[in-house]
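Could you put the whole structure together from the sequences, leaning on the hints where they help?
Order-wise, the sequence lines are chains W and S. If you count the first sequence from 1, position 58 lands on 58 in the working numbering, and the numbers rise without skipping. If you count the second sequence from 1, position 134 lands on 423 in the working numbering, and the numbers rise without skipping.
Check before you lean on any hint, since a few could be wrong.
Here are the computed lysine-lysine pairs in the DSS-like style, where the Cα-Cα straight-line distance is at most 27 angstroms [what the hints assert, rightly or not]: (1) S/LYS477 <-> W/LYS161; (2) S/LYS317 <-> W/LYS119; (3) W/LYS130 <-> S/LYS358; (4) W/LYS200 <-> W/LYS161; (5) S/LYS515 <-> S/LYS358.
What the hints contain is simulated information worked out from the structure, not anything from laboratory work.
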Amino acid sequence: MPAMLDNGTTNVSPAGAVPAATATGAAPEAFLSFDGVGQVFQTRRGPFEALRDINLQVQQGEFLCVIGHSGCGKSTLLNMVSGFLTPSSGRVSLRGAPIERPGPDRMVVFQNYSLLPWKTVQQNVELAVKAARPELSPGARAQVVEHHLEMVHLLDARHQKPAQISGGMRQRVAIARALAVNPAVLVLDEPFGALDAITKEELQEELLAIWQEQRPTVLMITHDIDEALFLADRIVMMTNGPSATIGEILEVPFDRPRSYETIQQDPRYGQLRNHALDFLFRRYAHDDD
Amino acid sequence: MTTALATPRSQRRPRAAWLRSPLVNQLKAPVVCIGLTLLLWQLLCLGNTEGFPGPIQVISQTWDPYISKPFYDDGGTSKGIGLQILISLQRVAIGYTLAAVVGIAAGMAIGLNAFLRRGFDPLIQVLRTVPPLAWLPISLLLLQQADSAAIFVIFITAVWPIVINTAVGIREIPQDYTNVARVLRLGKRSYVRDILLPATAPYMFTGLRISVGLAWLAIVAAEMLKADGGIGFFIWDAYNAGGDSSTSQIILAILVVGLVGLALDRLVGLVGDRVAAGGR
Ligand SMILES: Nc1ncnc2c1ncn2[C@@H]1O[C@H](COP(=O)(O)OP(=O)(O)O)[C@@H](O)[C@H]1O
Ligand SMILES: [Mg+2]
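Here it is in structure tokens:
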């Protein structure tokens, strides 16, 4: 269904729309919370319970990675944060208010980039800023766009179309577009899965740099344990589906800023890594993974 | 492509070098095949000087005034082929523009609204298969006047592919783009301008391109039945005159109709490539 039909109203400014008082006054633990969340899909072969009994509290500014075998319900979980799905049971709430539909306070970096092919790199980012931050003057908007393109090293490619640039560059545009909106929550669904190792590492570093600067709350799905250990404050490990839930949450204690060299020398790195591998490939081993 | 390989050889045999130039390479096959066809046609017509003309007679019999003075005007309906074509093109321009405007608007409404889509789909499927000329009597009854009737026939013939393709284009807007629109909560205007139109444009132009061919098909037919002027009228008029050069005039007109139809098709294709670049 086209978007225009279900939201005929004017744009809602992202962070400002939600009363800030609740965030500052109340305990910070309630920033993003999942309370008894379940998701049941109605399929042709009857109801299919993808997720059950998800309970999770996320702090403001926290970086969370979600790991689990494919098909366990990671995308489903994050779609309830971005608002593309509403829970069948329980509640997902941001700053105390239930999440009901997508909005620019919860920007998404989609798995397949989702750039508009008829717009240049710069126009793609501009469109997002213009839509989500209508209060910015044209000058301020241009500055925001330029700053974010610079953060992902895309100033030189700003006038190119998505078809003319590489996959890594496209994902950079998608990240710049999402963060230029200055969202409270950033949702990334396997953003670097299709990239080669070097590009992947560059993008991880760029993502961390922007995150350090703006401190959005990040929820990111990944298949890569090293990536999760490098990026995350906590790693959420999912059990297998159907009826998947959170199996275990791993605290990642390394100081920031991090680099692969320093954290890999830390003795805890190996322990955490083995623990995660043990969870995924022994306790919740999966035939096709 | 093969220039690098061809260089040493062309040095050895410089006289044959032009034979391998890309232009000659491209033209070789059509020139040979069309030449042979013309030759065969000429040979078949050699025996009878009275009957069907060969290509040489066609040219010699129509040279003056039809080829040499395409824009002559002796008043009334006696006009050069160029002028007749212009009359037809004018009718096509009006009918086709109407079809484009109405077709795109209707296609959008049908693409966006499931109720309208389900409601009108059977009607569209039936009406789009009606041959152009079947519309002529009813449009004459409706509009009374030959010129408007011809324009209406063009409109009603050309409108269906535009409606159908526009509607399909709107339904085929990738989920990725609508997801972007939903996350950003794009307003209606921005959604139409930044996502809906660019995503649908290639489909619209597919419809527009099919339609321009149909429109041209329809006008020639409609003018043959009922019109005073236009290339279809010219063909029918030549047939009715039954003079020595009638057949040659008809053959020449058919060739011109084909060439103009091709030009129209290419023109819309070219505009589509420009406007809808990167849409898919
Ligand atoms: N819209 C839907 N309708 C029915 N089943 C779905 C739908 N979306 C996801 N599923 C099912 O829910 C499970 C979890 O899917 P998903 O969240 O995409 O997994 P992951 O992202 O972890 O690979 C899968 O078995 C999938 O087939
Ligand atoms: Mg997934």
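Mind listing which of the numbered hints don't hold for this structure, in increasing order? 2, 3
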